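Visitor: Quick note, the sequences are listed as chains A and B, same order.
Remember, the numbering used here sits 29 above the position in the first sequence when you count from 1.
Remember, the numbering used here sits 29 above the position in the second sequence when you count from 1.
Bear in mind the hints are in silico, worked out from the structure with no lab data behind them.
These figures come from a predicted structure and were not determined experimentally.
One thing to keep in mind: the hints can contain errors.
Below are the DSSO-like pairs computed for lysine-lysine, each with C-alpha atoms no more than 27 Å apart in a straight line [stated by the list, open to error]:
| no. | chain 1 | residue 1 | chain 2 | residue 2 |
| --- | --- | --- | --- | --- |
| 1 | B | Lys306 | B | Lys270 |
| 2 | A | Lys356 | B | Lys254 |
| 3 | A | Lys356 | B | Lys39 |
| 4 | A | Lys190 | A | Lys467 |
| 5 | B | Lys467 | B | Lys254 |
| 6 | B | Lys493 | B | Lys356 |
| 7 | B | Lys467 | B | Lys190 |
| 8 | B | Lys39 | B | Lys270 |
| 9 | A | Lys39 | A | Lys356 |
| 10 | B | Lys356 | A | Lys254 |
| 11 | A | Lys306 | B | Lys356 |
| 12 | A | Lys356 | B | Lys124 |
| 13 | A | Lys39 | A | Lys254 |
| 14 | B | Lys190 | B | Lys124 |
| 15 | B | Lys371 | B | Lys306 |
A few chain A residues that face chain B, going by a derived Cβ cut-off under 8 Å, partial list only [what the hints assert, rightly or not]:
| no. | residue |
| --- | --- |
| 16 | Ser82 |
| 17 | Val86 |
| 18 | Glu152 |
| 19 | Asp186 |
| 20 | Ser187 |
| 21 | Pro208 |
| 22 | Gly344 |
| 23 | Ala349 |
| 24 | Arg363 |
| 25 | Asp366 |
| 26 | Ser424 |
| 27 | Glu440 |
| 28 | Glu460 |
| 29 | Glu475 |
If you anchor each label on the Cβ, the simulated ranges turn out as follows [to be verified]:
| no. | chain 1 | residue 1 | chain 2 | residue 2 | range |
| --- | --- | --- | --- | --- | --- |
| 30 | A | Arg491 | B | His303 | 28 to 34 Å |
| 31 | B | Gly116 | A | Asp366 | 35 to 41 Å |
| 32 | A | Met392 | B | Arg156 | 30 to 36 Å |
| 33 | B | Gly141 | A | Arg491 | 52 to 58 Å |
| 34 | B | Gly141 | A | Lys306 | 44 to 50 Å |
| 35 | B | His302 | A | Asn135 | 46 to 52 Å |
| 36 | B | Pro427 | A | Gly71 | 24 to 30 Å |
Positions of the beta carbon are idealized from the N, C-alpha and C atoms, including for glycine.
The residues making up each chain are set out below.
There are 2 protein chains.
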Amino acid sequence: MESQRNSDLKPFFEPRSVAILGSLRDQWGEGFKAIRNMQTFGFAGSIYPVNPSYDEVLGLKAYASVDDVQDDIDLVIVVTPPPTVAGILQQCALKGTRAAVVVTENFAEIGGDGARLQKEMAEVARRCGIRVIGPNTIGVLNTSNGLVTNPYHIDYDSINKGGIAYTSQSGFVGAQGQPLQDRAYPISKMCDFGNKCDVDEADLLDYLADDPDTRVIAMHMEAVKDGRRLMAALRNTTPRKPVVIFKTGRTEEGARASASHTGSLASGGNVYHHALKQAGALLVDTWQEYWEVPKVFALQSLPRGNRVAVLTPTGGIGVASVDAAVKAGLTVARFSDATLEKLRELAISRARNPIDLGPTMVMVEDPYSVMKAAMGAALSDPNVDCGIMVLFAGSQAPVADTVEMVRWATEQGRKPVAVWIYGTQVSARDETARQVEKLGVPAYVELETAIKALGIAAGYARMKADSGRAAS
Amino acid sequence: MESQRNSDLKPFFEPRSVAILGSLRDQWGEGFKAIRNMQTFGFAGSIYPVNPSYDEVLGLKAYASVDDVQDDIDLVIVVTPPPTVAGILQQCALKGTRAAVVVTENFAEIGGDGARLQKEMAEVARRCGIRVIGPNTIGVLNTSNGLVTNPYHIDYDSINKGGIAYTSQSGFVGAQGQPLQDRAYPISKMCDFGNKCDVDEADLLDYLADDPDTRVIAMHMEAVKDGRRLMAALRNTTPRKPVVIFKTGRTEEGARASASHTGSLASGGNVYHHALKQAGALLVDTWQEYWEVPKVFALQSLPRGNRVAVLTPTGGIGVASVDAAVKAGLTVARFSDATLEKLRELAISRARNPIDLGPTMVMVEDPYSVMKAAMGAALSDPNVDCGIMVLFAGSQAPVADTVEMVRWATEQGRKPVAVWIYGTQVSARDETARQVEKLGVPAYVELETAIKALGIAAGYARMKADSGRAAS
Chain A
30 MESQRNSDLK PFFEPRSVAI LGSLRDQWGE GFKAIRNMQT FGFAGSIYPV
80 NPSYDEVLGL KAYASVDDVQ DDIDLVIVVT PPPTVAGILQ QCALKGTRAA
130 VVVTENFAEI GGDGARLQKE MAEVARRCGI RVIGPNTIGV LNTSNGLVTN
180 PYHIDYDSIN KGGIAYTSQS GFVGAQGQPL QDRAYPISKM CDFGNKCDVD
230 EADLLDYLAD DPDTRVIAMH MEAVKDGRRL MAALRNTTPR KPVVIFKTGR
280 TEEGARASAS HTGSLASGGN VYHHALKQAG ALLVDTWQEY WEVPKVFALQ
330 SLPRGNRVAV LTPTGGIGVA SVDAAVKAGL TVARFSDATL EKLRELAISR
380 ARNPIDLGPT MVMVEDPYSV MKAAMGAALS DPNVDCGIMV LFAGSQAPVA
430 DTVEMVRWAT EQGRKPVAVW IYGTQVSARD ETARQVEKLG VPAYVELETA
480 IKALGIAAGY ARMKADSGRA AS
Chain B
30 MESQRNSDLK PFFEPRSVAI LGSLRDQWGE GFKAIRNMQT FGFAGSIYPV
80 NPSYDEVLGL KAYASVDDVQ DDIDLVIVVT PPPTVAGILQ QCALKGTRAA
130 VVVTENFAEI GGDGARLQKE MAEVARRCGI RVIGPNTIGV LNTSNGLVTN
180 PYHIDYDSIN KGGIAYTSQS GFVGAQGQPL QDRAYPISKM CDFGNKCDVD
230 EADLLDYLAD DPDTRVIAMH MEAVKDGRRL MAALRNTTPR KPVVIFKTGR
280 TEEGARASAS HTGSLASGGN VYHHALKQAG ALLVDTWQEY WEVPKVFALQ
330 SLPRGNRVAV LTPTGGIGVA SVDAAVKAGL TVARFSDATL EKLRELAISR
380 ARNPIDLGPT MVMVEDPYSV MKAAMGAALS DPNVDCGIMV LFAGSQAPVA
430 DTVEMVRWAT EQGRKPVAVW IYGTQVSARD ETARQVEKLG VPAYVELETA
480 IKALGIAAGY ARMKADSGRA AS
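All chains, please: the whole structure from these sequences, using the hints.
Guide: Written as structure tokens, this is what we have:
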């Protein structure tokens, strides 16, 4: 059976046409909202509302059934009651549809009848050759064509295009969980697997490995359905693109909580941890890391080594940064004599790595030109592979000067850099972060996450180089 | 010699009068800024600017020397060049001053002459019986009397009064490092030890242990000068108040970086880790944890046990929370039958712990009244000792409703609670955090930090109970 299944996930992300089956009630209905979201995001293809109670919705003709749609339907979004779903999938399959996002809840996650219905529905889909994402999902999102299957309210009218594909086994992916418009998460695709009755991480890895818009894949994962397939897909993908994994349900208690949420038992303990790592996955430990670590891959080049320059406005943060860097597998770069000479010429009193720019910041008339020259010199040093740049945000640190310093220094250095911003004003911190990320430099909420991101990037670069050598 | 030293730190934090020696240059001079800061913060005592070039500054009479001041000087703030400091301290001591904050830089942290000058200055101070905080410090801050010795610009005109004393071996403490006005860090005292030529953590622990305004002590620490004294001070303090420690310079590289920043060698490796823990310190690992973990002690009661209720709007975050809770030493509470019954009456489809309120949030007409009842029921359960409350912030989640839900549920439950807010809008997230903290409920930047804070609080409560039993 498996072998006969169509393995092409293209219709999920690049459909020419989409049909939506669900309530079209004004403002409230899931079908209504899914259509409005697609219109807002500027979906490039055709949209077919299907609901016998309506003639028209949001300027689009509504159809009584999928059979009435004269066009092919590449993707169907289903938000109808559980017992109706299997029949709808069968009908769509007969029409030639190969891909369905089943948003509907109350399947396996409620056990009993729900579990039985999910099993039947998945069986029908398999027989008809229609692939299913879900049920209990908000489905997919593609920034390159404005496709979004999410039938709930979305707080944005757009998401930044970029290189990160986020996948999750929970509704918090898909424009619901993060301030994706306020902050620069550069995104290619998103996918919520929901109860994962069919399409899973292995399928998506195969698709994303070849997706030219995706530079890095970030996966939140609870249950693993087929470990062998997942590891094979990872081994195929990780030499080509970094795959960051946030595996939850790692504790026994967490695994039990997972079972009651998506209907599938998470693989408790740390059974998969070692296997995922062996297959080249880059493991992260927190929600924040899942969102933030991939930015370093999407926005920056890979470091050529693990020697880091630490640029900071306080010595105390410099020491904490060094601890975190060592923990993240980085080493503190030793500046070349030429760099040390330049730093002394700039009258940097602590001309070593970490560079503590605090004294410069408060003692010099034009601190930013001195600091930017110092940062540029450090990042240009041939002994430096990457940089952690700590910025201060507050009324005494003009955002424009700070951002110009980052622009100039990173342009000089042409090394991957991660930025952490701290300071006295939330508004200044957020504004600095926004502007720094516009330059293509990732800004982090936590110092340790910024440093961990660089460490993971350096580790990935080394892995890639090693496997390159092994192959040649 | 040691035994003759005055051990009273009261003049540092509760001086009736303060003299400032340093540049009084308008807007720029450190003396000028220190005085302006004290006036802004409403320092209750007398302020004496000392500088022979001025007659008056900021409405205050200036004096040519400390000897011209007719009043006693309880505390002197020194921001004059390094070679002048020892003489000034001697002069002040003769006048009866017992406490000096030496802000001046370029002492031991630059080695050579600076190290020699620091040694001499400390020796003079010791002989004269004047205690010194610093050099290379921004000194102290006391929210109860408006004392602030910081001679740099401060972005606030006040700091929230509360139970946390933050101490640090770096200038990032003292109203320079965090958005202390934008977010509710409830603070009693702050102290930057700088190069720590005299007053150190052990001294301050002794003082803060008896300080009625301080409920919890948070220490950032690089070098340990006298391990035996520190451990004794900790053993004396930790049964009475929690002491949270962020020890940096833990790696060898970090210790080296520390040496070049404060002139004292941090105790590399993890030598002190075990000893600090044995002495009852609560160890944290990141800058964020150093700032955020103490809030749970300052704002909430101690949990009576380690059984946590997890209240979340998405199942995925519930699973991640459970993993983090177990890692933090908490266990997932088993709700009583009465609670389960109440949850079923509320039609909570997933009536178990973690409670996933997501379906309620999108399916019910008045979700907040249902969610608040569910949260209240969970927190009131006798099997629950504390709660992690995950809140969603975005246009679909009215801040007022969210905050009212937290108010009502925490009032029902009367259990320590930590809140984590995520969502689609930075502004809504920040506003929700601000309002939640106004209720006295700590809101966290990261899910894992919120949970770790509860775990640390539960661990401290257990330690206290154990030592109570051992003593009786």
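Visitor: Against this structure, judge whether each hint is valid.
Guide: Here's how the hints hold up against the structure:
The suggested pairing of B/Lys306 with B/Lys270 holds, with an alpha-carbon distance near 14 Å, which does not exceed 27 Å. For a cut-off of 27 Å, the pair hint linking A/Lys356 to B/Lys254 stands: about 25 Å separates their Cα positions. Taken as a hint, the A/Lys356 and B/Lys39 pair is broken in the structure, with Cα atoms around 40 Å apart against an allowance of 27 Å. In summary, the hint linking A/Lys190 to A/Lys467 is supported, as the alpha carbons are separated by about 12 Å, within the 27 Å threshold.
At most 27 Å may separate the alpha-carbon atoms for a hinted pair to count; B/Lys467 and B/Lys254 exceed this at roughly 39 Å. Distance restraint check for B/Lys493 and B/Lys356: the Cα-Cα separation of roughly 21 Å lies within the 27 Å cut-off, and the hinted pair is therefore satisfied. About 12 Å separates the Cα atoms of B/Lys467 and B/Lys190, which keeps this hinted pair within 27 Å; it holds. At roughly 19 Å between alpha-carbon atoms, B/Lys39 and B/Lys270 fall within 27 Å of each other, so this suggested pair holds.
For the proposed pair A/Lys39 and A/Lys356, the alpha carbon gap of about 40 Å is over 27 Å, so the pair is violated. Between B/Lys356 and A/Lys254, the direct Cα distance comes to roughly 25 Å. Compliance with the 27 Å bound is thereby established for this hinted pair. At roughly 20 Å between alpha-carbon atoms, A/Lys306 and B/Lys356 fall within 27 Å of each other, so this suggested pair holds. Restraint check for A/Lys356 and B/Lys124: not satisfied, since their Cα atoms lie roughly 51 Å apart, outside the 27 Å limit.
With a C-alpha separation of about 22 Å, the suggested pair A/Lys39 and A/Lys254 falls inside the 27 Å cut-off, and the hint holds. In summary, the hint linking B/Lys190 to B/Lys124 is not supported, as the alpha carbons are separated by about 33 Å, beyond the 27 Å threshold. A threshold of 27 Å between alpha carbons decides the hint, and for B/Lys371 with B/Lys306 the separation of about 42 Å lies outside it, so the pair is violated. Among the interface hints, the one on A/Ser82 is violated; its C-beta lies about 20 Å from the nearest C-beta in chain B, farther than the 8 Å criterion.
Using the Cβ-Cβ criterion of 8 Å, the hint placing A/Val86 at the interface with chain B is not satisfied: the shortest such distance is roughly 20 Å. For A/Glu152, the suggested interface contact is broken, since its CB lies about 25 Å from the closest CB of chain B, more than 8 Å. For the restraint placing A/Asp186 at the interface with chain B, the shortest Cβ-Cβ distance is roughly 12 Å, beyond the 8 Å limit, so the hint is violated. Evaluation of the A/Ser187 hint against chain B yields a violated restraint, the C-beta minimum of about 13 Å exceeding 8 Å.
Against a cut-off of 8 Å between C-beta atoms, the interface hint on A/Pro208 holds, since the closest Cβ of chain B lies about 5 Å away. At about 3 Å, the closest approach between the beta carbon of A/Gly344 and any beta carbon in chain B falls short of 8 Å, and the interface hint on this residue holds. A hinted interface residue such as A/Ala349 counts as satisfied when its beta carbon comes closer than 8 Å to some beta carbon of chain B; here the least separation is about 5 Å, so the hint holds. Proximity of A/Arg363 to chain B is violated relative to the hint, the smallest CB-CB distance being about 11 Å (cut-off 8 Å).
Of the supplied interface hints, the one on A/Asp366 is violated, with its beta-carbon coming no nearer than about 18 Å to a beta-carbon of chain B, more than 8 Å. At a threshold of 8 Å, the smallest CB-CB gap from A/Ser424 to chain B is about 5 Å, leaving the interface hint in force. Annotation: A/Glu440 was flagged as interfacial toward chain B, and the flag is violated, the nearest CB pair being 27 Å apart, outside 8 Å. Among the interface hints, the one on A/Glu460 is violated; its C-beta lies about 11 Å from the nearest C-beta in chain B, farther than the 8 Å criterion.
The interface hint given for A/Glu475 holds, since its Cβ lies 5 Å from the closest Cβ of chain B, which is under the 8 Å cut-off. Against the hinted window of 28 to 34 Å, the Cβ-Cβ separation of A/Arg491 and B/His303 comes to about 32 Å, which satisfies the hint. Against the hinted window of 35 to 41 Å, the Cβ-Cβ separation of B/Gly116 and A/Asp366 comes to about 40 Å, which satisfies the hint. About 31 Å separates the C-beta atoms of A/Met392 and B/Arg156, a value consistent with the hinted range of 30 to 36 Å.
Taken as a hint, the range 52 to 58 Å is violated for the pair B/Gly141 and A/Arg491, whose Cβ atoms sit roughly 40 Å apart. B/Gly141 and A/Lys306 have their C-beta atoms about 48 Å apart, which keeps the hinted 44 to 50 Å range intact. The beta-carbon spacing between B/His302 and A/Asn135, approximately 49 Å, falls within the hinted interval of 46 to 52 Å. The beta-carbon spacing between B/Pro427 and A/Gly71, approximately 29 Å, falls within the hinted interval of 24 to 30 Å.
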